[in-house]
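There are 2 protein chains.
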Amino acid sequence: MMSKQGILTVVSGFSGAGKGTLMKALLNRYDYGLSISATTRVPRVGEEDGLEYFFLTRERFESMIEQGELIEWAEYVGNYYGTPKKYVEEQLAAGKDVILEIEVQGAFHIREQFPDALLLFITPPNAIELRNRLVHRGTESMDKIEKRLNRASEEAVFMKQYDYIVVNDDLDECVEHLNEIIKSEHSRTLRNDSFIEKMSNELNVFKKGD
Amino acid sequence: MMSKQGILTVVSGFSGAGKGTLMKALLNRYDYGLSISATTRVPRVGEEDGLEYFFLTRERFESMIEQGELIEWAEYVGNYYGTPKKYVEEQLAAGKDVILEIEVQGAFHIREQFPDALLLFITPPNAIELRNRLVHRGTESMDKIEKRLNRASEEAVFMKQYDYIVVNDDLDECVEHLNEIIKSEHSRTLRNDSFIEKMSNELNVFKKGD
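Sequences listed follow chains A and B, in order.
All residue numbers in the first sequence are consecutive under our numbering, ending with 210.
All residue numbers in the second sequence are consecutive under our numbering, ending with 420.
Wrong hints could be hidden among the right ones.
[As the list claims (entries may be wrong)] Capping the alpha-carbon separation at 30 Å, the derived lysine-lysine pairs in BS3-like fashion look like this:
hint: 1; chain 1: B; residue 1: Lys229; chain 2: A; residue 2: Lys198
hint: 2; chain 1: B; residue 1: Lys214; chain 2: B; residue 2: Lys408
hint: 3; chain 1: B; residue 1: Lys234; chain 2: B; residue 2: Lys354
hint: 4; chain 1: B; residue 1: Lys417; chain 2: A; residue 2: Lys147
hint: 5; chain 1: A; residue 1: Lys198; chain 2: B; residue 2: Lys357
hint: 6; chain 1: A; residue 1: Lys19; chain 2: B; residue 2: Lys417
hint: 7; chain 1: A; residue 1: Lys160; chain 2: B; residue 2: Lys370
hint: 8; chain 1: B; residue 1: Lys306; chain 2: A; residue 2: Lys183
hint: 9; chain 1: B; residue 1: Lys393; chain 2: A; residue 2: Lys183
hint: 10; chain 1: B; residue 1: Lys354; chain 2: A; residue 2: Lys207
hint: 11; chain 1: B; residue 1: Lys408; chain 2: A; residue 2: Lys24
hint: 12; chain 1: A; residue 1: Lys160; chain 2: B; residue 2: Lys306
hint: 13; chain 1: A; residue 1: Lys160; chain 2: B; residue 2: Lys393
hint: 14; chain 1: B; residue 1: Lys408; chain 2: A; residue 2: Lys183
hint: 15; chain 1: B; residue 1: Lys234; chain 2: A; residue 2: Lys24
These aren't lab readings, by the way, just hints derived from the structure by calculation.
From just these sequences and the hints, can you work out the full model?
In structure tokens:
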């Protein structure tokens, strides 16, 4: 890797695109810093505090907002979601890539504060597949599934503002692909100003020395 | 891969950065379309016509220029170098990624004709290493090596106009990295307008149907 600063990667995507499963697999397989989000929503069966989310009361969450301790926060389907700031900044400064899974509205707030953030949007290969996945997940009523599909239709408008559109067709391939995208981004010219300057200066010294 | 159209990748870099060796390894290991350049320079020992280059007379080369059969051509250290157009366009249309190894001046001519071309710049990790590689190659006089280093100093100015700066430190890692960058680029949002439109339309149909 060339650039010393870690890359902040923001992962969004349609509800049902498989973001959660992808993130778990990616973080198991590779050495990323994960920023665990805070939320006021009720844990699903099997979810643990400090693992999937920090599950907070509304009072505690609102206090963090007031203290400026969150990079971003949003209210979504009646609950707060947010990202504690301190951990993310420390990781990036230490050269570690950090991945955040964030709803669409939150992603653009992150980009305002971290202009070099890399925004990835996860999508199933088509809309039928999205509906099938929501239905087969089996944790939601048909009414909620319809709401999520309507929401997806609204979110699709924002896909163009992401840097990459990543199709999650095969979990394993998608995890590899996400990792490749982030690795590749380290070599992007815009992230390597200081290397270019160093190399140019060294070559100029040779020229003068000849 | 998401986008159906192949990506035209243009690889440039300092003389001595190891472009030739990298290209050979990349094309051996992965399924890329290689566009073989035409040149009027004399073959080096071991080089075969139709493999490293098409070795042409000046008369034949100038006839191809006149007929518009070259995407780009340039004169460099007294010889013509150029890229036959037809083969490249056929490969891209068939969804195949094509890689061109082109001098700096030629790379920007390609971008004018193929705005979606991906421009990669190969560099050793530092200038000392560049000089060492030129010296150890042993095929050039010290005078020619100095000329190449002066040339590198001039070319460094153009690094910022490339999309990626790829450090060739370890051959094997660099080959993998080049392949990852090209694979990743297929998911870049700007290359997936038609997918985004299709997905948006499908989701809108669901919305109306509900």
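Quickly compare the C-alpha distance for Lys408 of chain B and Lys183 of chain A to 30 Å and report which way the hint goes.
-> With a Cα-Cα distance of about 29 Å, the restraint between Lys408 of chain B and Lys183 of chain A holds, given a limit of 30 Å.
Can the restraint linking Lys354 of chain B and Lys207 of chain A be considered satisfied, given a maximum Cα separation of 30 Å?
-> holds (13 Å)
Would you check the hint for Lys306 of chain B and Lys183 of chain A, treating anything up to 30 Å between C-alpha atoms as holding?
-> holds (23 Å)
Measure nothing beyond the straight line between the CA atoms of Lys229 of chain B and Lys198 of chain A; if it is 30 Å or shorter, mark the hint as holding.
-> Holds, at about 21 Å.
For the pair supplied as a hint, Lys234 of chain B and Lys354 of chain B, is the alpha-carbon distance within the 30 Å limit?
-> Holds, at roughly 24 Å.
Taken at face value, is the distance from the CA of Lys370 of chain B to the CA of Lys160 of chain A at most 30 Å?
-> Holds, at roughly 25 Å.
With a cut-off of 30 Å on the C-alpha distance, tell me whether Lys234 of chain B and Lys24 of chain A pass.
-> Violated: Lys234 of chain B and Lys24 of chain A sit about 37 Å apart, past 30 Å.
Taking 30 Å as the top limit, are the C-alpha atoms of Lys160 of chain A and Lys306 of chain B close enough?
-> Since the Cα atoms of Lys160 of chain A and Lys306 of chain B sit roughly 25 Å apart, the hinted pair holds (cutoff 30 Å).
Assess, step by step, whether the Cα of Lys160 of chain A is no farther than 30 Å from the Cα of Lys393 of chain B, and give holds or violated.
-> Satisfied, since the Cα-Cα distance of roughly 19 Å is no more than 30 Å.
Verify the proposed pairing of Lys214 of chain B with Lys408 of chain B, using a straight-line Cα cut of 30 Å.
-> Roughly 14 Å separates the two Cα atoms, so the pair holds.
Pair hint Lys417 of chain B and Lys147 of chain A, alpha-carbon separation not exceeding 30 Å | holds (9 Å)
Agreement of Lys198 of chain A and Lys357 of chain B with the hint, judged by alpha carbon distance not exceeding 30 Å = holds (21 Å)
Figure legend: structure checked against the earlier numbered hints; the only hint not met is number 15.
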